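S.K.: All chains should be modelled from the sequences, with the hints used to inform the complete structure.
So the protein sequences, as listed, match chains W and U.
Using the UniProt record's numbering, read the first sequence as starting at 1 and increasing by one per residue.
Using the UniProt record's numbering, read the second sequence as starting at 1 and increasing by one per residue.
Worth flagging that the hints you see were computed from the coordinates, not collected in a lab.
Some hints could be false.
Intra- or inter-copy, both count: the list cannot distinguish identical chains.
Think about it this way: if two alpha-carbon atoms lie no more than 25 Å apart in a straight line, the pair counts; the simulated DSS-like pairs of lysine-lysine are [claimed, not checked]: (1) Lys289 - Lys244; (2) Lys53 - Lys173; (3) Lys91 - Lys53; (4) Lys306 - Lys53; (5) Lys91 - Lys5; (6) Lys57 - Lys313; (7) Lys57 - Lys5; (8) Lys91 - Lys11; (9) Lys306 - Lys294; (10) Lys306 - Lys236; (11) Lys11 - Lys57; (12) Lys111 - Lys11; (13) Lys57 - Lys236; (14) Lys110 - Lys11.
Every value quoted in this text rests on a predicted model; they were computed, and no experiment measured them.
Protein chains: 2
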Amino acid sequence: MNEFKFINSIKQSYYRNNTTIKGIGDDAAVFRLPYHDIVTSVDTLVDGIHFSKETMKPFHVGYRSLAANLSDMAAMGANPISYLVSIVVPKNYSNYDLQEIYHGLETLAKKHQVDLIGGDTVTGEQLVLSVTVNGAVLAGKARYRDLMRPGDIIFVTGTLGDAAAGLNILLDKQSVDFGADYLINRHRMPTPRVEFASQLANIERLALNDISDGIASEANELAQASRLTIYLDEGKLPLSKELKQFPRAQQLDYSLSGGEDFELIGAVSPEYWRLVRDAAEQTNTPIAKIGEVKDELKNNGTVWIKRNETYIKLQSSGYVHKN
Amino acid sequence: MNEFKFINSIKQSYYRNNTTIKGIGDDAAVFRLPYHDIVTSVDTLVDGIHFSKETMKPFHVGYRSLAANLSDMAAMGANPISYLVSIVVPKNYSNYDLQEIYHGLETLAKKHQVDLIGGDTVTGEQLVLSVTVNGAVLAGKARYRDLMRPGDIIFVTGTLGDAAAGLNILLDKQSVDFGADYLINRHRMPTPRVEFASQLANIERLALNDISDGIASEANELAQASRLTIYLDEGKLPLSKELKQFPRAQQLDYSLSGGEDFELIGAVSPEYWRLVRDAAEQTNTPIAKIGEVKDELKNNGTVWIKRNETYIKLQSSGYVHKN
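M.R.: Pasting the structure below:
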């Protein structure tokens, strides 16, 4: 069974609890209490699958795990409040390394004023770190993927592809003339765009998604959830000068499908674009307009990218159909 | 480093977020929004540590995992709302077994009207099931361990020691003349006392704790958190007729320190005892008065149990000092 099929098989066909607003199918789940929507998400990292001694120190494992969760909160427009840590620790794992994982979690938690409020520590064969974050947003203001409208501007924060380049440097598959530390850090200690997303609170309608699997994947998610067509401009994808030293094909591969950048992709009505730019400025967040949204019956649910003056279809995988 | 020391080392000395009410140190964590306190807890089960093919089918692994979490909600007096599932699945694990875990979760979730709202499914060497539950209680009405007062009645729901007896039957360490299925079911499919706890909502003050490590351990937690002395009567511990076929020493061992019964131990002012009994009746919950609370400076923080007309000290481990 593939993952998509599996997730569909466990998805409830309706919600039982009258506070449940959004279950499986967005960056995080949501339930409603008076005035607020509670937003919650979990992220699990397994040793040997999501990281290894070669790519991450224990400090980074903690830091990155919370970053992924905080990024989900940002993608929902929610203010993170607190987190729980469930950890499976192998018997031979050192106390120092275990403390370092918490040190990593703590370092990022402090920056965002979120509290470690609970968890579970158990013994097992393989290190597994599972972090659940809770946050809140004013009732009805969560930033779902299906909130795009025709005419919206597509924007993205930061630069794309750096984390993937950093990982490949760590795995010795790649070398660079300069900026190796920068790229590696982008993989190990990504910056969740929580403050920026929080500054967008005054915008009535906004669709957001965080880039965990590559912008090709997340743009397709937005297009499918909103049943609209996205047109991106390849020339406008924001790339760091560090990434630009790679061959052009690799720049595109990393930036379209590299993933784990934990930047945000969003869709907003042009009349609110100024507010988005202001929020970016106030929070020191680089931002770029990279495309637009159209309602084209025959293409809705798909993403197209402009390359050499023609639009070609962009698959979720990052694969681009050649004409 | 022992677990206690470790938990203390990661415990924050203060809360950063002004909505955080209770972090590490009770059955679940709590944060406050207008009108409601949100209660959240996580429980993690590891194959080979918390269960095995010999003791649980995949269905039971799911069922029991959610039961443990719902029991934490009951122990906080909270109404469970929804849950998230993080699961690490070995490559060779069958799809059927995986579905059965979710079937177990789902079966209990349906009974309590809680929704599966999210999660994470990843590959690893060993099956790890980590379930996070969210619930809510009216602001200020969570049932913390430190809410005992002198003169309170100590009560307990259901019967004690059955789950431990059932586990030992499964492990072939024990055999019984009758009721093996009953005892085994008490281990595999415990009954979280959610409805009963919810019916106690009108009682102004109430301390609750769920029995996951044995009543000796949980009673000591209450005594320590509230800085008072608990006196229990060994003759009043509620035991099932199935447990009573064991030698007396084993009955006591299982009921005091067997654990995983997921019954509730509580402390309530005598004037509210009638309301507790009414709630028990309305929800078909067996209930027994088993002791009382005193303020005895030299003994506060400890638990004493009456055996042969004398009170002897009851350690958290269930160990009883011989006179």
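S.K.: Going through the numbered hints above, which ones does this structure break? Give me the numbers in ascending order.
M.R.: The structure breaks hints 4, 6 and 13; every other hint is satisfied.
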